[in-house]
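There are 2 protein chains.
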Amino acid sequence: MYIILVYDINTKRGGKMLKLCRKYLNWIQNSVFEGELTNIQLENLKADANEIMQEGDSLIIFNNKSKKWLNKEIIGQEKSSINNFL
Amino acid sequence: MYIILVYDINTKRGGKMLKLCRKYLNWIQNSVFEGELTNIQLENLKADANEIMQEGDSLIIFNNKSKKWLNKEIIGQEKSSINNFL
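Keeping their order, the protein sequence lines are chains A and B. The first sequence runs 1 to 86 under the working numbering. The second sequence runs 1 to 86 under the working numbering.
In case anyone wonders, no lab produced these hints; they're calculated from the structure. There's no promise every hint is true.
As the list makes no split between identical chains, a pair holds if one copy fits it or if it spans any two.
As the list claims (entries may be wrong) - Below, in silico cross-link-like pairs of lysine to aspartate or glutamate (EDC-like), each with a Cα-Cα straight-line distance of 20 Å or less:
1. K72 x E36
2. K46 x D8
3. K68 x E43
4. K67 x E51
5. K65 x D48
6. K46 x E73
7. K19 x E51
8. K12 x E43
9. K67 x E55
10. K67 x D8
11. K16 x E51
12. K19 x E43
13. K79 x E55
14. K72 x D48
Please construct the entire structure, taking both the sequences and the accompanying hints into account.
Okay, structure coming up:
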């Protein structure tokens, strides 16, 4: 399925969460990721995220069977294109 | 149409962008918003955002005709529920 994931995590845990999300998805902006996952991959990602997250942290996952339904428009800097420089 | 909007803006311009996005959409997390907009509303939002944005700023808008296609799962704190306290 196609996933859009956004998180809002205390900076103490930001590095761990970034690393986890990058393992499964493509980073597109700040704390926003997208990609294709199987059900099992999604369950694993959520389980790993739960290990990292603490009180006040937030994770939102949008999902759909296919990317086809979705239009994506990027205005300004395409952050993922500078991914390798970070 | 149904919109998910995420931005990554220099903090100097963050307040203006937050105010603009809240005018059109529902804030759901950090710099993430969702809602229903007409084509004209979306064009106005993009035009207003372009006035605010400068080099290095980024705005990503996902859109689809209907919200029906989309599943949304919130893990941890539902930030929009504390919207009124911010």
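When the hints from earlier in the document are held up against this structure, which numbers fail? 3, 4, 5, 8, 9, 10
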